[in-house]
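Input sequences plus hints: build the corresponding full structure.
Below are the chains, spelled out letter by letter.
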Amino acid sequence: MLVQDFLQDSAARTPDKVALIFQGRRLTYQEVDAQANRLAQALLDQGVQRGDRVAIYLPNSVEAVVAIFAVLKAGAVFSVINHTTKLDKLVYILNDCQATGLITQARRLRMLEELQDRVPSLKSVVLCGQEAGKAMEDRMRHSEERSRACPEPCPERSRRDSRRKESRFLNEFLAFEALQQTYPDQLPPQNCIDVDLACLIYTSGTTGEPKGVMSAHYNVVAAASSIIQYLENVPEDIVINVLPLSFDYGLYQLLMTFKFGGTLVLEKSFAYPAAVLKLMEKEQVTGFPGVPTIFAILLQMDLSKYDLSNLRYITNTAAALPPSHILQLRLKFPWATLYSMYGLTECKRVSYLPPEELYRRPGSVGIAIPNTEVWIVDEDGNRVGPGVVGELVVRGSHVMRGYWEKPEETVQRYRPGPIPGERVLYTGDLFKVDEEGFLYFVARKDDIIKSRGEKVSPKEVENVLYSLDGVVEAAVVGVSDEILSEAIKAFIVRRDDNTLTERDVLRHCTQHLEDLMVPKYVEFRSELPKTTSGKIKKTDLR
Amino acid sequence: MSQASNLKSQISNAVEMPIEPQIRQYLATNFLFSDNGFELDDEASFLEEGVVDSTGVLELVMFAEETFGITVQDEEIVPQNFDSVSQLAAYVRRKLSS
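Which chain is which? The protein sequence lines are S and G, in order.
First residue of the first sequence? That's 1 in our numbering, and the numbers climb one at a time after it.
First residue of the second sequence? That's 543 in our numbering, and the numbers climb one at a time after it.
Read the hints as simulated data drawn from the structure, not as lab findings.
It is possible that part of the hints are untrue.
[Unchecked claim] Computed cross-link-like contacts, DMTMM-like style, restricted to lysine to aspartate or glutamate with a CA-CA straight-line distance of at most 25 Å:
1) S/Lys134 to G/Glu601
2) S/Lys445 to S/Asp481
3) S/Lys278 to G/Glu581
4) S/Lys332 to G/Glu581
5) S/Lys86 to G/Glu618
6) S/Lys538 to S/Glu435
7) S/Lys268 to G/Glu585
8) S/Lys134 to G/Glu591
9) S/Lys86 to G/Glu585
10) S/Lys17 to S/Asp196
11) S/Lys530 to S/Glu462
12) S/Lys332 to S/Glu373
13) S/Lys282 to S/Asp302
14) S/Lys89 to G/Glu590
15) S/Lys268 to G/Asp577
16) S/Lys89 to S/Asp540
Right under this line is the structure:
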């Protein structure tokens, strides 16, 4: 089974069922499938080949959903990039995966000029949104004016043509809406098999450079199937997704819902909680995946105004819910089942707490998900028994293929397993189990911060701080925060003659970092605590 | 500042200074950290343009309550009221006149 089969099978089974609801638009499985087929045909026409990487740099939208499946149908590998990512990091990611295609918003047209110089691998671009049509008209008008002004043969024209070749994708981009009118809705020939890559999901690493986790089709199928099994999803389920599709937890809401043939209610974010709740009531949502930040906001609201009686389950992962929030959620939604879960992009999901255990072990993230095995090892790699803290190891078909072109980081995380040739995942997270085998998260082995449930590399934020004139030293730590789980705090030592202000620092950060990575607090110090070897001692800053 | 003088300044702000410039100034200072003021149009979507992120909307709500002396109900925190300078200004005006 391939990931695009999730959509195709449901479209064959229930073509007229509503698959996707977004901002008042309702698309059936057949409509989503047809749109994805047309975009796939267009991508192939643009020269996208099997195994090519195509980046989807869009906020949650119908176009993003269609693009994900279209890239797969074209035999290529998709990577959804957070739409708040700034230019330098986008360039880094596109170059890292050698993307040949980019699907983005027409309002990014100015950014494309930069990309054409800085990302040599990029050949084709699809622009979404109303402005795309206008940009296309402008382009046609310019090219007409050019040919009128300079009929062939004309030396200036051939010079321009050679320049045109260099900026091919700027001249030949496709508009999403327009290609939907012109390309056929047939599925193009399918050549991939399930060991081919389906997607790269970029995640923060300790080095500060984002790493693309390679998911083969079979990895995604295994992870999605296992989660669907324990959540007991049925086609009648209506799942709301407010999480970004660039985040694996958000992406899998789409993939899983299409696999079990349900309906996905997609929102751009949880920025407007009341609007989301009203929508949940209106659409009779049954499944609500969230992270602790979302639940913390929800618990501050008066929920009695909303009829959420259709809610069958709530899931939490990415960071632990405080036990008091678990209790309050149970009280607010006594009719809904609450799943506490744990996972990491490197294998998608590891464990879930069977809901009937919630009162007995509220601090546990449960047991291995179906068709998965986990154990805990000490520093020498020996398995340890109950109560002993060690690193959690995961075995299963959902253990991904490693990090894209990062062999050193890959062998550190993905190590030989019990069967020759097999690899298992060393999570880098410290755990213990109780006598009955239930897992408890203890700590991370590295200093990665979890803000709003997503990983933030302190190194990545520090690198941005160091690029600001006047910063001599910078250290970034996570401090506990009621809403964000962890808030980002930056400690900075300024150059003596420097008058850098908090506002200067924050402005610089908002220009270079995704929203969730921008520090909430900035503190200037005359010096930072150091270890004997001269490294900044972060434990003294937390 | 005492509560009374705070209230007084809110009222005088609300009366004397048009609403839009106050919103622009707040966004420029607290979200864009800009010295050049708010450079987008009043119609630009805060979320689309990345002016305000998903947790920032709640800060915007607090700003509106404190600056204009209004009480924002949960169900009023919707994009139609809070996603651009014009929408927010129109919402504040409706609240002040009701």
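Against the structure, the hints:
no.	hint	result
1	S/Lys134 to G/Glu601	36 Å, violated
2	S/Lys445 to S/Asp481	21 Å, holds
3	S/Lys278 to G/Glu581	33 Å, violated
4	S/Lys332 to G/Glu581	43 Å, violated
5	S/Lys86 to G/Glu618	31 Å, violated
6	S/Lys538 to S/Glu435	35 Å, violated
7	S/Lys268 to G/Glu585	19 Å, holds
8	S/Lys134 to G/Glu591	20 Å, holds
9	S/Lys86 to G/Glu585	23 Å, holds
10	S/Lys17 to S/Asp196	30 Å, violated
11	S/Lys530 to S/Glu462	16 Å, holds
12	S/Lys332 to S/Glu373	34 Å, violated
13	S/Lys282 to S/Asp302	17 Å, holds
14	S/Lys89 to G/Glu590	19 Å, holds
15	S/Lys268 to G/Asp577	30 Å, violated
16	S/Lys89 to S/Asp540	30 Å, violated
Checked against the numbered hints above, the structure violates hints 1, 3, 4, 5, 6, 10, 12, 15, 16; every other hint is satisfied.
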